[in-house]
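Undergrad: Take 91 as the starting number for the sequence shown in our numbering and just add one per residue.
Some hints could be false.
Said to hold, decoys possible - Cβ pair distances, simulated, as ranges: (1) L213 - S136: 30 to 36 Å; (2) D103 - N123: 17 to 23 Å; (3) D195 - E243: 47 to 53 Å; (4) H96 - L213: 20 to 26 Å; (5) Y225 - P199: 21 to 27 Å; (6) E217 - E95: 37 to 43 Å.
Just so you know, the hints here were simulated from the structure itself, not pulled from any lab data. Every residue gets a Cβ at the ideal spot worked out from N, C-alpha and C, and that includes glycine.
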Amino acid sequence: MNMPEHFLRMAVDLARKNAECGGRPFGAVIVRNGSVIGTGVNQILSCADPTAHAELSAIRAACRALGSPRLDGCVVYASAQPCPMCLAAIHMTGIREVFYAYSNDDAEPYGLSSAPVYRELALPLSEQSINIVHYPISPAPQLYESWRAVVSERA
């Protein structure tokens with residue numbers, strides 16, 4: 091069995107076990123240099139947290155294991171196509187490779203597809219169903235300049 095298939099089966103097994111315990115059927119594995127450094131399952135129901143997706147749980151575990159918010163060189167293996175939130179987090183950590191076993195088309199008949207969110211986010215902010223307003227305050231506090239000064243002092 092090749093490496094992607096091995097780790098994808100691991101992610102699917104995590105998802106299946108999570109579903110058997112009353113959770114949603116999603117699992118994720120993060121691998122670096124052939125070793126698992128983080129796993130996660132969807133905990134939305136058990137934690138009452140809509141951000142407790144399998145990929146985010148695995149990212150948190152991998153970041154703790156490495157002691158860093160960066161996961162450069164890591165690979166995500168997910169039971170299902172990552173939703174936009176998880177995909178954004180994957181980008182923000184520096185991960186550059188993702189494999190997934192089930193697509194949004196596979197998930198759609200079960201009400202588990204994130205395709206509608208992808209479609210919504212592809213719209214300009216002014217056309218999305220959420221009222222998103224840029225409201226500059228005046229005089230503008232120098233939030234980012236203050237942050238830069240603090241970071242510079244620590245360096």
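Undergrad: Does each hint hold? Answer for all of them.
TA: Evaluated hints:
Here the CB-CB span from L213 to S136 is close to 32 Å, well matched to the stated 30 to 36 Å. Roughly 22 Å separates the CB atoms of D103 and N123, a value that falls within the hinted 17 to 23 Å. The given range of 47 to 53 Å is respected by D195 and E243, whose C-beta atoms sit roughly 51 Å from each other. Separated by about 38 Å at the C-beta atoms, H96 and L213 break the suggested range of 20 to 26 Å.
The hint said 21 to 27 Å for the Cβ distance between Y225 and P199, and at roughly 41 Å that hint is violated. Roughly 40 Å separates the CB atoms of E217 and E95, a value that falls within the hinted 37 to 43 Å.
The structure is inconsistent with the numbered hints 4, 5, although it conforms to all the rest.
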